[in-house]
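Colleague: Here's the letter readout for the chains.
2 protein chains.
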Amino acid sequence: MAQGRIRKLIRIPPVSLTEFALIDRIRARSRGGDGIVLGIGDDAALLQPLAGHWLAVTADTLNSGVHFPPETLPADIGWKTLAVNLSDLAAMGAAPAWGTLALSLPHADAAWVDAFADGFFALADAHGWRLIGGDTTRGPLSLSVTAFGQVPHGRALRRDGAQVGDDIWVSGTLGDAAGALKLWQDNGLDVTRPAADADVEFLRQRLLRPTPRVELGLALQGIASAAVDISDGLLADLGHIAAGSAVGADVDATRVPLSGPLRAVLGMAGAQACALSGGDDYELCFTAAPGRREDLQRVSARLGLRLTCVGQTTAGSGVSTGRDDPGAGYQHFA
Amino acid sequence: MAQGRIRKLIRIPPVSLTEFALIDRIRARSRGGDGIVLGIGDDAALLQPLAGHWLAVTADTLNSGVHFPPETLPADIGWKTLAVNLSDLAAMGAAPAWGTLALSLPHADAAWVDAFADGFFALADAHGWRLIGGDTTRGPLSLSVTAFGQVPHGRALRRDGAQVGDDIWVSGTLGDAAGALKLWQDNGLDVTRPAADADVEFLRQRLLRPTPRVELGLALQGIASAAVDISDGLLADLGHIAAGSAVGADVDATRVPLSGPLRAVLGMAGAQACALSGGDDYELCFTAAPGRREDLQRVSARLGLRLTCVGQTTAGSGVSTGRDDPGAGYQHFA
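Those protein sequence lines, which keep their order, are chains A and B. With our numbering, the residue at position 194 of the first sequence is 194, and numbering never jumps. With our numbering, the residue at position 161 of the second sequence is 161, and numbering never jumps.
Careful, some of the hints might be misleading.
Quick list of the computed label-pair ranges, beta carbon to beta carbon [what the hints assert, rightly or not]:
1. Gly318(A) to Ala111(B): 41 to 47 Å
2. Ala111(B) to Gly33(A): 40 to 46 Å
3. Gly318(B) to Ala110(A): 22 to 28 Å
4. Asp186(B) to Asp186(A): 41 to 47 Å
Derived by calculation from the structure, the hints in this document are not laboratory data. Heads up, the beta-carbon is just placed ideally off N, CA and C, and yes, glycines get one too.
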């Protein structure tokens, strides 16, 4: 990968660090690991994928002011940049392995890069994910990760496997990040410091430090019939399963799991609206045959993670909500 | 990968196309291919790497106004975005396979995206490289590609394999793109239309449509001892081989291959300066034992590509130029 491609086509103000020094600061935080034949520092990294596995590849970009408030602290940006990508791997049932980072920065700022790396590598190290390349360029703050995971042949969680009559499940609680964003938009939340109110602080953490459900994705291999991560809101993302699998989806809005803090801060109606249409929680939504409920209860208990059945797939199309009697599928674990 | 992650944290002006529609326009241009189990459209793509091969991974970003003049036509941006990444794969001796594109656009503009795709996929299709994922976001124009190639075990061209006494080679001619850039900076070149002067037009094409030396990289497996692509200038990039291999490099500046158009437009001194320190040509610089000269002559003839020996590696360190008697290594093919 490029080591120094900042072309001085246009005048750039003096900076405190060269691009090379910036890359070195990041490289110093990256670690070797399984399958890395050659890491950062050549024209390309060399990797040895696992035999008997597919490589899962995802790419997501975060832009300042679009995907996070411009004042967000660099450590939180670092965490979230990787989290949204690991979440996509989780939704495929893939084990995180390696990836690249394209970092565009308006100023070469060592303190900023170090803090960014604190958040980024805290999450990377927790999942054994290794940075094996990337590029640092001058420009408006933007962060693109391409993440690779590995999943045994035939065990990936795709969007197109749901069957009519499957249960629809979600992990954790929904709407928390959207609730925090709403508070921020209403000038009721400072994302740069802990909130005095414990409920607000809970929501702030859910927005800034989402937990990619990697272990859940791995546990769902062989259990779930389809899966997505919830980045754009339950209804929108479940819609991808419905479209991909050619089924309908009936969701009972009253069963969508809401956190206590979200209800306390926004009230029931506001909380429910966030949970149905808000993104950024990075929980998983998946389908499974009703015969897998006991398996899922065990997964929930083992991971200490709430799994909630919020509806069923149907012979129709699209996603509908608000049925008063959503059938016998309701389950609520953990 | 994300299908629609534009968060409306801040007010965004009305656009003519949604992000989904933009992605669909790009997806329609992508093709299936070897090793693609699942392409664009799920949380991640699924790939089946070749047995007995390493995966080569590189990532490069181009930002408007930094890596290319802001007025550059979208088709030229598309070509160059992929070319700089394929060039990194070439420098590893890897065969292009797949990759992702993170596209940040200030406005959703169908005509722009279509023209960008024209240039991008023209090069992709020429090399059998397949787009398998990516992300489209709102923001200043920026393009990040992560490209994967495949190279048989042990056959990769690394930076750390040069031996003392190896010949130093470069492909093609150097400095052409830097010459074009200099003309542009001096207001002597309009990058958006063909130049009336044939020499200037040659240089313009070299800047806008660099040819990644993919076939050369593959041919150098087993012949070259080390390789880099020249993105930052011969002296800088050869310096990576010298440092990585713990050797010195003596370059005879008078042997660095210059095109006729570059000499015609800039004169010999100007041309030589561009060739030594200008980047953006994306030619390969590599080392090989003197015993491989005949092999390289055959490669040059087969590919119809000029290969020039410009010096030798030494027991010293760093890169030096200007020796009057660079030794017996001079060869000039094609």
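Colleague: Now, for every hint given, state plainly whether the structure supports it.
Modeller: Cross-check of the supplied hints:
1. Gly318(A) to Ala111(B): 41 to 47 Å: violated (32 Å)
2. Ala111(B) to Gly33(A): 40 to 46 Å: holds (44 Å)
3. Gly318(B) to Ala110(A): 22 to 28 Å: Distance hint for Gly318(B), Ala110(A) holds at roughly 26 Å.
4. Asp186(B) to Asp186(A): 41 to 47 Å: Since the Cβ atoms of Asp186(B) and Asp186(A) sit about 52 Å apart, the hinted range of 41 to 47 Å is violated.
Of the numbered hints given earlier, the model fails hints 1, 4; all others are met.
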